[in-house]
Amino acid sequence: MASAAQGSDATAARLSPKVDKVEVSDHSAAASKKEAPVRFQISNLNFFYGAKQAVFDVNLSIPAKKVTALIGPSGCGKSTFLRTLNRMNELIRHSRVVGDIRLDGQDILQMDVVALRRRVGMVFQRPNPFPKSIYDNVAYGLRINGYKGRLDDLVEHSLRRAALWEEVKDYLHKSAFALSGGQQQRLCIARALAVDPEVLLLDEPCSALDPVTTAKIEELMFHLKDSCTMAIVTHNMQQAARASDFTAFMLDGKLIEHSETSKLFTTPHDPRTEAYITGRFG
Amino acid sequence: MMRIRLIWRKSLNVVMLTLTGVAAFAVVSVLFMILGYLIYNGGKSLNWAFFTQLPKPVGETGGGMANAIVGSMKLLVLAALMGLPVGLIAGVYLAEFGGRTFAFIVRYTTDLLNGVPSIVMGIFAYSLVVLPMKHFSTWAGGVALGIMVIPITLRATEEFLHSVPNSLREGAMALGASKWKTIATVILPAAKGGIITGMLLSLARVAGETAPLLFTAFGNQFWSPGFNQPIASLPVMIYTYAIAPYEDWHRQAWAAGLVLLGLVLLANVGTRLALSRGGGSRSV
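So the protein sequences, as listed, match chains U and S. Mapped onto the numbering used here, the consecutive letters of the first sequence carry residue numbers 1 to 282. Mapped onto the numbering used here, the consecutive letters of the second sequence carry residue numbers 1001 to 1284.
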């Protein structure tokens, strides 16, 4: 009975935001025509926490080797959306995904979840280093994936990519907790980069950091674009404007507008986007 | 009017503060009285022979409880080997996997098990091990103590695993770790300080148990080679010696009490030191 009720809710939800959807797909189509190949193609994505729907019928493409920012007020579903891309939401009981998510054309819901998460790394809102040494933190992903080569080189390489090597090279075997918050967050980025993911999902990575460290991480993202596709959830619109190539604006679980960052911030299409980026709500 | 109320409130405050202070002092002083009395009486009777010699037959003075010290250790090792893994693994199950209903039943049963009188544990082990084997043995004592170790270990494991922040689980899984790998390589190491403390507490508790050993390990005036014979233990020795009508035995019982307490304390402090030196994993 319950599932039938949910089903009709979902149908209703799928019908109502029709207008937005047309607009959105126009924009993303225009954007992706010019740009690099699409890494993630998300179609008609709905997400439910039990009976409560958190994401409504989202269509979005994430282009390869670009930074896509997701902005929107608290509780708009942007984090939830991000976490469906590496299936982290599966850890939540009674959650349910309906829709189609393709990574390089492959349906991620059919993929082995371990293989998926190797290809799609994640950095969380609060730095979450393991209670291990700096070295062991970075080597963790390699070890659990049975990597047999020289760990030392890869640990150094990953720490360099995360712009942390110079600061920690003499303390590699010290506990990761000895680092400052910003260093810990870069360590978490290094840890994610160690397994060489194609995509890096960043869930408000700077919300617990000071402006100087935030600038460091944004710069780091800029350099990572050569090798990595990134999607970042952020509360900070300046950050989205500075650090991203594309921006998607979400509201109440729906994708309102998605276009090139410069366009979205200068000539927003939807009045709600304009209201949000000019600070009239959220 | 205001003045009277103010005075009343201030004096009430003083009275309450005094009451809490007195209660706290009473608790601490009881502990120190026990400790002081034990050290005073036990220390007088403690000598090198106590650690190296077997008990003397009735009528002869002197001798020691070397067999009971070794016996208690053997029983504890058996109890640890049987009880700790069960408690640990069940605790991991409850914290990381347990569904609602089944986990509730297990948790509730564990609390009940923790409250079962220790002598009933003895009877249980007696019918489980002693009756089929037809004689008292170290095994039987180990089983009785082993069962008693489970509940505390389990609840400690569960509690400390719950206290590990979820962000660590997510971090490991986001790197492609399977659930069991996450638990084995990140979650358990993060909680190990608390879990090991819980295990020590449970062992310290059963180290002083007399009742479950009375008709399982029974007791022995001599060495007990292997695990198949009755074995002496410090608590049972204290019990036997304390109710005997000989002055010398009473002194030995005091000494045994002091040694038992000392051993438990030593194990506790030693492990904590080793843990705190082992790395910064406690501060999670």
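Watch out, some of these pointers could steer you wrong.
[To be verified] Under 7 Å between C-beta atoms, here's a sample of chain U residues computed to sit facing chain S: (1) N128; (2) P131; (3) Y135; (4) G141; (5) I144; (6) K148; (7) R150; (8) H235.
[Unchecked claim] With a straight-line cut-off of 25 Å between C-alpha atoms, the simulated DSS-like cross-links for lysine-lysine are: (9) U/K263 <-> U/K65; (10) S/K1074 <-> U/K174; (11) U/K148 <-> S/K1056; (12) S/K1056 <-> S/K1074; (13) U/K216 <-> U/K52; (14) S/K1056 <-> U/K174; (15) S/K1181 <-> S/K1192; (16) U/K174 <-> U/K148; (17) U/K216 <-> U/K65; (18) S/K1074 <-> S/K1010; (19) U/K216 <-> U/K66; (20) U/K148 <-> S/K1181.
[What the hints assert, rightly or not] Chain S stretches covered by chain U per the calculated footprint, using a threshold of three residues with CB under 8 Å from any CB of chain U: (21) 1044-1054; (22) 1160-1168.
In case anyone wonders, no lab produced these hints; they're calculated from the structure. The beta carbon of each residue, even a glycine, is placed where N, CA and C say it ideally should be.
Evaluated hints:
1. The interface hint given for U/N128 is met, as the beta carbon of that residue sits about 4 Å from the closest beta carbon of chain S, less than 7 Å.
2. Checking U/P131 against chain S by beta carbon gives a least distance of about 4 Å; that is within 7 Å, so the hint holds.
3. Interface restraint check: U/Y135 against chain S, minimum CB-CB distance 13 Å, threshold 7 Å, status violated.
4. Given hint, U/G141 at the interface with chain S, holds; its Cβ is 4 Å from that chain's nearest Cβ, closer than 7 Å.
5. Annotation: U/I144 was flagged as interfacial toward chain S, and the flag holds, the nearest CB pair being 5 Å apart, inside 7 Å.
6. Interface restraint check: U/K148 against chain S, minimum CB-CB distance 16 Å, threshold 7 Å, status violated.
7. Interface restraint check: U/R150 against chain S, minimum CB-CB distance 19 Å, threshold 7 Å, status violated.
8. A hinted interface residue such as U/H235 counts as satisfied when its beta carbon comes closer than 7 Å to some beta carbon of chain S; here the least separation is about 18 Å, so the hint is violated.
9. With a C-alpha separation of about 19 Å, the suggested pair U/K263 and U/K65 falls inside the 25 Å cut-off, and the hint holds.
10. Only pairs whose Cα atoms come within 25 Å are accepted, and S/K1074 paired with U/K174 is rejected, the gap being roughly 39 Å.
11. Our distance criterion of 25 Å between C-alpha atoms is broken by U/K148 and S/K1056, whose separation comes to about 63 Å.
12. Simply put, S/K1056 and S/K1074 have alpha-carbon atoms about 22 Å apart, close enough for the 25 Å limit, and the pair holds.
13. Of the supplied pair hints, the one linking U/K216 and U/K52 is violated, its CA atoms being roughly 38 Å apart against a limit of 25 Å.
14. Restraint check for S/K1056 and U/K174: not satisfied, since their Cα atoms lie roughly 56 Å apart, outside the 25 Å limit.
15. Only pairs whose Cα atoms come within 25 Å are accepted, and S/K1181 paired with S/K1192 is accepted, the gap being roughly 16 Å.
16. Restraint check: the Cα-Cα separation between U/K174 and U/K148 comes to about 24 Å, which is no more than 25 Å; the hinted pair holds.
17. For the proposed pair U/K216 and U/K65, the alpha carbon gap of about 19 Å is at most 25 Å, so the pair holds.
18. The hinted pair formed by S/K1074 and S/K1010 fails the criterion: a straight-line CA distance of about 58 Å is larger than 25 Å.
19. At roughly 18 Å between alpha-carbon atoms, U/K216 and U/K66 fall within 25 Å of each other, so this suggested pair holds.
20. Annotation: proposed proximity of U/K148 to S/K1181 holds, straight-line Cα distance about 18 Å (limit 25 Å).
21. Counting residues of the stretch 1044-1054 of chain S whose CB lies closer than 8 Å to any CB of chain U gives 0, so the stated coverage by that chain is violated, three being the minimum.
22. For the stretch 1160-1168 of chain S, the stated coverage by chain U is satisfied: 3 residues place a CB nearer than 8 Å to a CB of that chain, which reaches the threshold of 3.
Going down the numbered hints, you'll see the structure goes against 3, 6, 7, 8, 10, 11, 13, 14, 18 and 21, while the others check out.
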